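Chemist: So the protein lines, in turn, are chains L and F.
Numbering that gives the first Met the number 0 puts the first residue of the first sequence at 0, with every later residue one more than the last.
Numbering that gives the first Met the number 0 puts the first residue of the second sequence at 0, with every later residue one more than the last.
FYI, nobody ran anything at the bench for these hints, they're computed from the structure.
Just so you know, these numbers come straight off a predicted model, no measurement behind them.
Don't be surprised by glycine CBs; every beta carbon is placed ideally from N, CA and C.
Please note that a few of the clues may not be correct.
Distance ranges between label pairs, derived from CB positions [as the list claims (entries may be wrong)]:
hint: 1; chain 1: F; residue 1: ARG49; chain 2: L; residue 2: GLY69; range: 53 to 61 Å
hint: 2; chain 1: L; residue 1: ILE45; chain 2: F; residue 2: LEU247; range: 54 to 62 Å
hint: 3; chain 1: L; residue 1: ILE45; chain 2: F; residue 2: THR56; range: 41 to 49 Å
hint: 4; chain 1: F; residue 1: ILE287; chain 2: L; residue 2: ARG77; range: 31 to 39 Å
hint: 5; chain 1: L; residue 1: HIS81; chain 2: F; residue 2: LEU479; range: 52 to 60 Å
hint: 6; chain 1: L; residue 1: GLY56; chain 2: F; residue 2: GLN380; range: 20 to 28 Å
hint: 7; chain 1: L; residue 1: MET25; chain 2: F; residue 2: GLU89; range: 35 to 43 Å
Below, in silico cross-link-like pairs of lysine-lysine (DSSO-like), each with a Cα-Cα straight-line distance of 27 Å or less [said to hold, decoys possible]:
hint: 8; chain 1: L; residue 1: LYS44; chain 2: F; residue 2: LYS379
hint: 9; chain 1: F; residue 1: LYS407; chain 2: F; residue 2: LYS86
hint: 10; chain 1: L; residue 1: LYS23; chain 2: F; residue 2: LYS250
hint: 11; chain 1: F; residue 1: LYS275; chain 2: L; residue 2: LYS51
hint: 12; chain 1: F; residue 1: LYS373; chain 2: F; residue 2: LYS388
hint: 13; chain 1: L; residue 1: LYS91; chain 2: F; residue 2: LYS327
hint: 14; chain 1: F; residue 1: LYS473; chain 2: L; residue 2: LYS41
hint: 15; chain 1: L; residue 1: LYS23; chain 2: F; residue 2: LYS455
hint: 16; chain 1: L; residue 1: LYS58; chain 2: F; residue 2: LYS377
hint: 17; chain 1: F; residue 1: LYS407; chain 2: L; residue 2: LYS44
hint: 18; chain 1: F; residue 1: LYS455; chain 2: F; residue 2: LYS275
hint: 19; chain 1: L; residue 1: LYS24; chain 2: F; residue 2: LYS275
hint: 20; chain 1: L; residue 1: LYS51; chain 2: F; residue 2: LYS473
hint: 21; chain 1: F; residue 1: LYS481; chain 2: F; residue 2: LYS455
hint: 22; chain 1: L; residue 1: LYS44; chain 2: F; residue 2: LYS86
hint: 23; chain 1: L; residue 1: LYS23; chain 2: F; residue 2: LYS373
hint: 24; chain 1: L; residue 1: LYS39; chain 2: F; residue 2: LYS455
hint: 25; chain 1: F; residue 1: LYS373; chain 2: L; residue 2: LYS51
hint: 26; chain 1: L; residue 1: LYS51; chain 2: F; residue 2: LYS407
hint: 27; chain 1: L; residue 1: LYS39; chain 2: F; residue 2: LYS258
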Amino acid sequence: MEKPSIDIQYVADLARISLNEEEKKMFGEQFASILGYIEKLKEVKIDDVVLKGEEEGFKNNLREDLPQDGLATEDVLRNAPHHANNLFIVPKIIE
Amino acid sequence: MNLFEYTISELRRLLVRKELSPTELTEALFSRIAEVEPKINAYNYINHERAIERAKTVNVDLPLGGIPIAIKDNINVRAEPCRCASKILEGYLSPYNATVIEKLIKAGAILVGRTNMDEFAMGSSTENSATGLTKNPWDLQRVPGGSSGGSAAAVASHEAFCALGSDTGGSIRQPASFCGCVGLKPTYGRVSRYGLTAFASSLDQIGPLTKTVEDAALLLEVISGFDPNDNTSEKMPVPRFSELLETLSLKNMVLGVPKEYFIEGIDGEVREAINKAIAHFESLGAKIEEVSLPHTPYAVATYYILATAEASANLARFDGIRYGRRSKHYEDLLDYYGKTRDEGFGSEVKRRILLGTYVLSSGYYDAYYLRALKVKEKIKQDFSSVFKKCQALLTPTSPFCAFRIGEKSNDPLQMYLADIFTIAVNLAGICGLSIPCGQSTEGLPIGLQIIGPAWKEEVILALGHLYQKSTGWKPPIPPLEKT
Numbered sequence: 000m001e002k003p004s005i006d007i008q009y010v011a012d013l014a015r016i017s018l019n020e021e022e023k024k025m026f027g028e029q030f031a032s033i034l035g036y037i038e039k040l041k042e043v044k045i046d047d048v049v050l051k052g053e054e055e056g057f058k059n060n061l062r063e064d065l066p067q068d069g070l071a072t073e074d075v076l077r078n079a080p081h082h083a084n085n086l087f088i089v090p091k092i093i094e
Numbered sequence: 000m001n002l003f004e005y006t007i008s009e010l011r012r013l014l015v016r017k018e019l020s021p022t023e024l025t026e027a028l029f030s031r032i033a034e035v036e037p038k039i040n041a042y043n044y045i046n047h048e049r050a051i052e053r054a055k056t057v058n059v060d061l062p063l064g065g066i067p068i069a070i071k072d073n074i075n076v077r078a079e080p081c082r083c084a085s086k087i088l089e090g091y092l093s094p095y096n097a098t099v100i101e102k103l104i105k106a107g108a109i110l111v112g113r114t115n116m117d118e119f120a121m122g123s124s125t126e127n128s129a130t131g132l133t134k135n136p137w138d139l140q141r142v143p144g145g146s147s148g149g150s151a152a153a154v155a156s157h158e159a160f161c162a163l164g165s166d167t168g169g170s171i172r173q174p175a176s177f178c179g180c181v182g183l184k185p186t187y188g189r190v191s192r193y194g195l196t197a198f199a200s201s202l203d204q205i206g207p208l209t210k211t212v213e214d215a216a217l218l219l220e221v222i223s224g225f226d227p228n229d230n231t232s233e234k235m236p237v238p239r240f241s242e243l244l245e246t247l248s249l250k251n252m253v254l255g256v257p258k259e260y261f262i263e264g265i266d267g268e269v270r271e272a273i274n275k276a277i278a279h280f281e282s283l284g285a286k287i288e289e290v291s292l293p294h295t296p297y298a299v300a301t302y303y304i305l306a307t308a309e310a311s312a313n314l315a316r317f318d319g320i321r322y323g324r325r326s327k328h329y330e331d332l333l334d335y336y337g338k339t340r341d342e343g344f345g346s347e348v349k350r351r352i353l354l355g356t357y358v359l360s361s362g363y364y365d366a367y368y369l370r371a372l373k374v375k376e377k378i379k380q381d382f383s384s385v386f387k388k389c390q391a392l393l394t395p396t397s398p399f400c401a402f403r404i405g406e407k408s409n410d411p412l413q414m415y416l417a418d419i420f421t422i423a424v425n426l427a428g429i430c431g432l433s434i435p436c437g438q439s440t441e442g443l444p445i446g447l448q449i450i451g452p453a454w455k456e457e458v459i460l461a462l463g464h465l466y467q468k469s470t471g472w473k474p475p476i477p478p479l480e481k482t
């Protein structure tokens, strides 16, 4: 773990959150202190830990594939900010 | 004695004998809510009409027949808001019931409303709520703890007989400790998470907040069990917790006291109250042994990597497309997402999503996330090894009593450290109970945490029950005043 230097703008873009300059400054300062605290994990000896799945691979825990009723269309669409003809209206994606 | 002061076990007896009707009981509770709620603000939503309708027809012979219950605002109840105390879920109405809600309804419970919380359960004070602050019933200038602060304050001020909360890093136990009620975090996988708005899926667990341990046992019995809709719930038999409360013998029982939980910085009065509780168990016949959980100092750091990483993925779904609040002014699709999420989320939620995104981002995964997973294993191993020689552990729930509103809200790291004694239990996937064990000189409640191995809720419940019975515990009525 190197001394953390964070590009807040890059992280905010990945997280799809617009931040104003004030927020960027605030989060930047707070992250320096939180990540500084997290650095203490470097003290722990972890070489002997083998995580479940690391050696034998992960196995999915699946339920039986049985058909069951879904949610009622009107219940779902009631929460949509915009909808028409039983469909969600989304912001324009293709120019 | 006023009706609102009763425990659910006492009310069950009156209801079954028809000495009390569910309608009378529900109305009595609503009068108490009307009286207390303006001071406390524990509820985000109350459905009086629906509750009374239900009270009229409910079968009192069911396990919770006629018992009113409050539900944390992140558990879905069909046709009710499930706002998670967030602006982004303004106006949202659940299209379905969480599994725990289905179970409560089947058991005859009456849902009265939704309790306040930190937004998306992220916080330790209920100050991060888009619907306003909840006050601590013991001192209205103090926080109730969090994130299930509304549930704890409602139960402690007797404007709920019992409530459900959720606990990811202490969110049931810490507010129970701050407000002076009982709170249980069940073993991971004991209770279905289906319909609980996910914060950190590998740590989240729903559990009861009640006036007595006896009531917690009753409620846990109803909400537990495997659920095909949650593949992390386990196919484990559900013991009759309420019938096992009296079966425990302290002879041959070893209770561990982990030395890492009695660190510098723990409040003197808290330390004294916990030591007194430990001595009480000893006087009842238990053998007390000091034990060591050497990785305790790493629990908070581990948690803030794993929980934020999971949160960054879980909260990606809130984009205002299918539900929730949508930004009105945007230029293109990315701008739309960015603004919708900037306007909809509060600071703490943004902070955790950003932190989680960072620790999972390219180049940092091994250094942060993978390392944290391995430290989590170490923490788990610590507990497994001490549980070979003792049946349960006794610790403080929190290093201090309820703090003042605003005291820690500008310093996230200080706020995170408020959960220093509860977080390891979630990381290890085991169970923990907080019960009141005294008061500070300022009259603030102090909580004792009883930690048990996985699937041993009956042990910690029986210990808590024994403590309450042998000390003559009676749920007190808080002053509801400013000091």
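Chemist: Now tell me if each hint is right for this structure.
Modeler: Taking the hints in turn, this is what the structure says about them:
no., hint, result
1, ARG49/F to GLY69/L: 53 to 61 Å, "violated (25 Å)"
2, ILE45/L to LEU247/F: 54 to 62 Å, "violated (38 Å)"
3, ILE45/L to THR56/F: 41 to 49 Å, "violated (57 Å)"
4, ILE287/F to ARG77/L: 31 to 39 Å, "violated (57 Å)"
5, HIS81/L to LEU479/F: 52 to 60 Å, "violated (44 Å)"
6, GLY56/L to GLN380/F: 20 to 28 Å, "holds (22 Å)"
7, MET25/L to GLU89/F: 35 to 43 Å, "violated (24 Å)"
8, LYS44/L to LYS379/F, "holds (15 Å)"
9, LYS407/F to LYS86/F, "holds (22 Å)"
10, LYS23/L to LYS250/F, "violated (58 Å)"
11, LYS275/F to LYS51/L, "violated (41 Å)"
12, LYS373/F to LYS388/F, "holds (24 Å)"
13, LYS91/L to LYS327/F, "holds (13 Å)"
14, LYS473/F to LYS41/L, "violated (47 Å)"
15, LYS23/L to LYS455/F, "violated (46 Å)"
16, LYS58/L to LYS377/F, "holds (23 Å)"
17, LYS407/F to LYS44/L, "violated (32 Å)"
18, LYS455/F to LYS275/F, "holds (24 Å)"
19, LYS24/L to LYS275/F, "violated (47 Å)"
20, LYS51/L to LYS473/F, "violated (46 Å)"
21, LYS481/F to LYS455/F, "violated (40 Å)"
22, LYS44/L to LYS86/F, "violated (42 Å)"
23, LYS23/L to LYS373/F, "violated (31 Å)"
24, LYS39/L to LYS455/F, "violated (32 Å)"
25, LYS373/F to LYS51/L, "holds (10 Å)"
26, LYS51/L to LYS407/F, "violated (38 Å)"
27, LYS39/L to LYS258/F, "holds (20 Å)"
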